[in-house]
Structure formats: C-alpha cells, structure tokens
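There are 2 protein chains.
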Amino acid sequence: YCKRKHKDKKTLTLDTLNPQVKAVEYAVRGPIVIKAGEIERYLEEGGTKPFSEVIKANIGDAHAMGQKPITFLRQVVALCTFPELMDSPSFPEDAKRRARRILQGCGGHSLGSYSASPGVECIRKDIAAYIEQRDEGVPSDWENIYLTTGASDGIMTILRLLVSGKDSSRTGVMIPIPQYPLYSAAISEMDAVQVNYYLDEDNCWALDINELHRSYQAAKQHCQPRVICIINPGNPTGQVQSKKCIEEVLHFAYEENLFVMSDEVYQDNVYAPDCQFHSFKKVLYEMGPEYFNSVELVSFHSTSKGYTGECGFRGGYMEVINMDPEVKAQLVKLLSVRLCPPLAGQAAMDVIVNPPQPEEHTFKQFHQEKSSVLGALAEKAKLTEKILNAVPGIKCNPVQGAMYAFPRIFIPPKAVEEAKALGMQPDMLYCLRLLEETGICVVPGSGFGQKDGTYHFRMTILPSIEKLKVLLGKVRDFHIGFLKEYSGLE
Amino acid sequence: YCKRKHKDKKTLTLDTLNPQVKAVEYAVRGPIVIKAGEIERYLEEGGTKPFSEVIKANIGDAHAMGQKPITFLRQVVALCTFPELMDSPSFPEDAKRRARRILQGCGGHSLGSYSASPGVECIRKDIAAYIEQRDEGVPSDWENIYLTTGASDGIMTILRLLVSGKDSSRTGVMIPIPQYPLYSAAISEMDAVQVNYYLDEDNCWALDINELHRSYQAAKQHCQPRVICIINPGNPTGQVQSKKCIEEVLHFAYEENLFVMSDEVYQDNVYAPDCQFHSFKKVLYEMGPEYFNSVELVSFHSTSKGYTGECGFRGGYMEVINMDPEVKAQLVKLLSVRLCPPLAGQAAMDVIVNPPQPEEHTFKQFHQEKSSVLGALAEKAKLTEKILNAVPGIKCNPVQGAMYAFPRIFIPPKAVEEAKALGMQPDMLYCLRLLEETGICVVPGSGFGQKDGTYHFRMTILPSIEKLKVLLGKVRDFHIGFLKEYSGLE
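Residue numbers (the UniProt record's numbering), protein chains in the order written: chain D, 1 to 490; chain W, 1 to 490.
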C-alpha cells in the first residue's frame, strides 16, 4: 500500500531544476572533456585507438602537464601544515620564518582554524605590500584585500553583489568575446544580461574602444549595463593590453559609471618582448585623483597560474578599490556565510606575494625554478604560434601572454553543413574529430564566443616542449586531412 | 572638465546592491562578532576593560580554542604537500602509504593540479567504503560521492539546483527552528521561501512529526515546499535524533515527495550514553526498497567538526541518493564552473574516512588523540549543562551531541522593553552586555530562530575544561546581575 502522492516521480528533474542552472555552459570542462574522459577509461581498460594516451590541452592545469611545484612554496605550506617540521634541519630558515609568521596569524596557530572571512590579516598585509611594490608605490590598503577560493570564487562573489535576477531593468555585464566561460556561466546562473564586446582578431586580439562604445549603446536598448569585465593578459586570446588601451577602458568606465572587474590572474605570464603587464589600478592612479578616487575597480589574482600553477590549492585574492563602505560591509557579510577561503591556499598566496629576496639563502633556487618555468612558457608560446601558422587554413595570433593559443581554423563549408545536420557547432565537430583521431583534447572556440562564421579552438601551451611539438605536429596532420576530406579532394 | 554622467555617485551602493544579498543574515559572524573584534583590537592597543581577553564561544572553531590537530592527518597532508618528505624516516609508513595513494589519484601526482570537479576518484572510493562500513553494509556507490569545499558549499550547491528565484509558485525550503543560519542565509540569497518547523524544546529539542505536518500544510498555502533540511546531531540545539524520529521524517518526505537534505556533519560528536548516531541513509535502507529506491536524499559531512576540527582545510563531501541522472549531469556541470574543491581539504577528508587500522603502527597514537578529543567534549557537554542549569533563570537541555549549548534564558520584561526601545532583539541586548562586561562572545538565539517570546544564546563547548569553568562562572554571575538590574531589585 503506497501513500506516496506522486509515485515514480522525482522531486528534482530536468523540468523542475532551477532553469538558470540549466542555462549554464562551461566549455572548459564541457562535453568534449567528458568524451576525453570516456576515451581515457576505454584505453585503460585495454581498448585500442590510433593513439596511446589522451593529452588534455583543454585546461590551464600546469602540474597535471608535468610542471614541478616551486620548492619554496611547498616547503612553507608543509611547515604550516605540520609545524613539527620547524625542528627539521632539512627545511630552510627562510621558509620557517614565513611559516611561523603565517601561523602567528591563525587562530590557535593552526591552519585548521577558520580565518576571518576576508582572510588572515598578515597575509592581507603582505598582499598589499606586494601590490604597492608591483605598482611602483601606488598605495594599497590591506583592508581592501580579500582572500578568495581561487579567482573564480571572487569573480562570482562580486557579480553576486551587482546582479539581481529579479531586477526589471536587468543588469548588463560587459564581457570580452572571446571570453573565459566562467563569465558567461556566472551570468547565466545569476540571470544577468551578457553584453558582448568583440576583441579585434586582426589586431592581435586588442580591445578597441569604439567597439566598447558600440556594445554599450546597443545594450542600453534592452538592459542596464553596470559592469565591465576585462581579462588581461587575455584568456583564451593571450593578448597583453597596452597602457593606452587600459586608459581608454578606464576613461570609458569613468564616463559611463561602470563598475570595473579586472581579471589579472595571468599578470606574471607575459612572454612577448615588446609587451608589459600594466595593472588597471596603476593606470587608474596615473590618470589622476579624479579617476583614482572614483572608479570602482576590483582586480583578481590567483595561485593557479603565473609560475606556480598551484590550481589545487584554490588560492587567490581580490583588491577592491572605491567600493562604497556600506557595500563593503555587505560583501564581508556575504563572504562570512561561507566562513573563509582554504588556509593552505591562503598560505600559498602569501608565498607568491612574499617570495625569497636576493639576500636570502633560498633565493637562488627559487629564482632558478621560477625562471625555468617562465622561460619554457615563453619558448612554448613562440613555438606554438610558429608551428600553427605554418599550417594552411590555420592562423594564430602571437601568444603574448597567459597560457593558451586560440588559433582561427578554416572549416570547409561541407564540414559546416555536416555539423549543422548533427545539431552541433562546426568547431565542436572539428574538436571531437581531433580528439577521436589523435587523442588531443582542446576546446572549441564556440565555448568562448567568436564572431559569427569564424571558428577557433583553445589549447594550452603547458605540455613539455617535446610533447608540445608532437601535439602540434598531430594537429597539423589532422587539419590537413580534415581539409582534404571536406574539400572533396579525396 | 568632467564628462562623468553621474558625478559623485557610485555604481554600486546599498540602493543598487542585489536586494537578496542585503536580505542575508549570518549571526555566527554577525554584529556581535564584529563588536568582539573591535574590543579585541581595543585591548591590544592597551585599552582597559573588566577582562583581559575576549573568549570567542560564537563559532565551532576547535583549533582556535586550543584543540590540537590529529597528528596522523597532518602527516598525510604534509606528505602530499611536500612529497620529498617520503624519504624522511620521521614520517610513519602508514601515513606515507596513504599520501602515495592520494597523489597517485592527482594529475601529475601533485596536490597543485585541479581534480575532477566531483573530487579525486580514489578519495571518492574511500568515502564510499567508509559509508558502507559506517552503515553496516548498506551499499554506497562512489559515483554518488562529491567532494565539497566544506559542507556549506555542498548545501549551497544543492539548494541552487532546487531553488529558482523567478519561479512564480516559489520554492519552500523546510528548516528546523532553531537552525544553523547558513540555511536562512542561503534561502535569502536565493530568494526561496523559508518554511519553519519548530523543534520541541520541552522534549530535548526533538523533532515532532506533527509539527512537520503543520508546517508543511501551512506553507502550501503560499509556496511549494520541495525540500526538507535536517540537522542531526542538531546545531545549535545538540539533540541526537532517534531512529524512530528519522523513520517518521523519511516517511513524511516519501509521502509528500520532498527532497531531503541531511546535514550530518556532527555524526562523530555524540556524547549522551543513551544516544547513537543513525544516518538518514541507513534508516532509509532499512525502511525497504520502496523507500530506498525513491526518496531523493543528500547527506553532508565535513572535516571541520568531529574529532579533527579541521575547519581551515575546507574539506567535506556529500552523498547523493536517487538523484535523477539528468540532474546529476547538471550538478557536475555546475560544480565544474568552480573547477574543484581544494585538494588539501580532499586529502584531509580521505584521512578521516580511512584512518589508521588496529594492525597499523600509527593506530595507538591516533586512537589516543581521537579519544582524548571526544572524551573531553563529552565531559564539557555535561559540565556545561550542569553549571547552566544551576543558574536561576537559565534552562539548558542536555547537550547530546554536536558542539554547542543553546540554553534558554529568562529576560525580564524591563530588559525586553529597553531592547525594543533600542530597536534590537532582547537576546542581542543580553549578549552585547555579556560581551562588554565579561569578554565572552556568544550568539543571540534570535540569529538561529526561536519561538516568539523565548530567548536563548548559543555557545560552543570548545574551550578547555579550565577555561570553560571560568567562562560558565562568568555567565552565571552576569546573568544573576542582569536579572537583578532589570527586576528592579537593585
């Protein structure tokens, strides 16, 4: 005898699911990556393919691609985790000093305590000091620093303040296209309006101020654009913004009263000799007090990128400038519901902003390890651009910074038709075929956004140089075969 | 010359802030805790008060109150963090074996890689094995296990699936009153409808099935109740639910097609000799396949409580039963946007579900440390109840489990009037006075919810026995003085 009111009916189904969750897309771990996982399992179980391993070039996951951790960083975090190691002579005094300082800032001197919701006070102070040094003296107030659980967490939190799904005029969030799909996913989940401004592929993916104006004016017809998101250096596009470009963006934000979110997680990943990272904050400062005292700006950083690549620690911070004090109190309240970011990630962040100094014993090894990672990345950035541009039907802008190439690929009309018949984006068809034939997992450009009728993919430049050469060779051969097949030249 | 369209007006103000964020309240880190921080700083700067230190009994932060970490857990996490320690003879083989296994499951064998969004596969498998053992053979499928960033993160994620703010019929979320304010905060942020069911203070805070029916029927008049949240052992109330009670709740959920969220983070914190932890899942299983194959149930666990108290690691997991496979795919997609939970927290969770076994060398020390923490907590639970109940005007239910006492306090009508005149809850006035006169920081019952006209506070039982005795003595003296003052007996 069953009294259940709706027998055999689940409470939570695709029909009753929060529709905003349904609308979310996140290509970096999307269908193609799920397929790659299936193939990996198939190979492990003894299945055969034309390749022996899947190479995951879909995500900026440096250690998974063989990058070694920075010894000093891990020493400090290990000391914080197991303070009995303070007595071990095999740990350098420099690392012990930092670990002691971090633990002094933790409740009960333990990494197992909650920190204050904005993070451990002494780590916030170290970050502020680091920013001041990076920006050549532009003041940074430690109370404007908030530790986060990776940069993604900070970006979601700030958007949450700005976006009200129920707002009748609806909040417009300006994002670059191509973009990192965290932004479009967050916008979907929060039911904001995605306002696209297109980067200029013909000009090394530069941001064009006229395009910003166009995008803003068009959006104003149907929503209220309140925030502009910038990714510099660019993900997936790898461009490094010039100081002039940043000035123009900030001037535009100033004029239109836009809140600025500056995703600067690749600030240490600049390879092109003629490029330099300029922080939005420093440029704002140099524009004068009229700007520096008014534009609301949040900048994000992370332990996951740079030369450390410590993704698994989920460390990061944001610096919040010119935020209304009442809103800041609301921000702290919102952060407090999730209690605090992980302490090991906070400790890792502290090492990044407070690395060994030239007079310290650990400096030499640290510096060697750092240079080795960044030097290899610069070499791989060049190599990737060069090899890809030698393939007919592929055009790749210089990888000035970050960790990705985002080449444009020519897809023959026949392949476009076939994809449409299959109900899939043409570059998804391309990437699926690439995966199935070579084991290389890259993400279709449609997951990041691109101009209609253009096709791309994003690949990381993280594999070792040897592996990267093999990978790019396989991409070349695949591409040539693909063109042949769909151009009817077979 | 200023071209700014709205000069001197911030983009983000209290008026333009997402109103759902504004509506959030989180008492555990609320106004009273901010005040406590101010007093702490005042004392540090040489100010004087009738006390020398602030005692933060507001939050379940064990290490901050002096609890020592479990050595074995920290050894494993340190080994994972700095694998060079694998060669160190001062680390036990048992810990190295576990660390090696965890690292085998990590990309590039590094804690610095992202894991799959649901967590490291071998850790998910260890958790499933642990649950099967805990539940005496009830099957657990590792693919139903999702690692989380503390339990809070899991609870928010599941609610996000269930709640659509734009739904015209609006989603009702049933929560106990008193509750842990994460629930009310999440409900506010997501714009769901909070549906209160009151625990029975006169019956040791037991859950009464008739009250569930009452609450559900009343809610149906104005919203669609879709989910019931249970906290067992209770926070802030400390009760441990009987098997019969759990059966009744599950039967009710079954009949009314409610999604069940079972917050079981205090499952290792049961002190009363006549009480025992029963997992919702095991009870569901024992109710027969009709129930076990249909009721949608998610259970949450954490590294932050139990005998480890590793809050800072932000580790946790959830087990998801009977979730629609299509919804599960959506859950994985949503998790993937935030990439993955922190790896050190995942490793800590692994140690909790895979502790030293009797035949291992590390067992004795591990067992001693664990028993010592749990034994002290049991003693403090009894002590707290006993001392508080000896105070006239305070009545405290037995602390059967968890880490808190939630005594009822009599507040004289004169004090109630004074509080109202100040625009504050009477128990907020009480707790502010307690803080200012004694340095003891506890959280007013109004932050957790309570029956109208009753007043409580929540305090942790985490301070050392010596400190707890002093603390409770001060509470007693303060309470007697407070009663005297407001009863006009001065």
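Each hint should be verified, as a subset may be incorrect.
A pair counts as met if it fits within one copy or between any two copies, since identical chains are not told apart.
Pairs of lysine to any residue, SDA-like flavour, derived with a Cα cap of 25 Å [unchecked claim]:
#, residue 1, residue 2
1, LYS22, SER188
2, LYS35, SER117
3, LYS282, ASP8
4, LYS328, GLU385
5, LYS35, ASP141
6, LYS5, HIS213
7, LYS5, GLU286
8, LYS244, GLY473
9, LYS96, PRO83
10, LYS68, PRO83
11, LYS9, PHE410
12, LYS7, GLU44
13, LYS382, SER117
14, LYS333, ALA23
15, LYS333, THR157
16, LYS35, GLU121
17, LYS3, ILE39
18, LYS68, ASN389
Calculated from the structure, these hints are not laboratory results.
(message) To test your reading of the hints: which numbers does this structure violate?
(response) 4, 8, 11, 12, 13, 17 and 18
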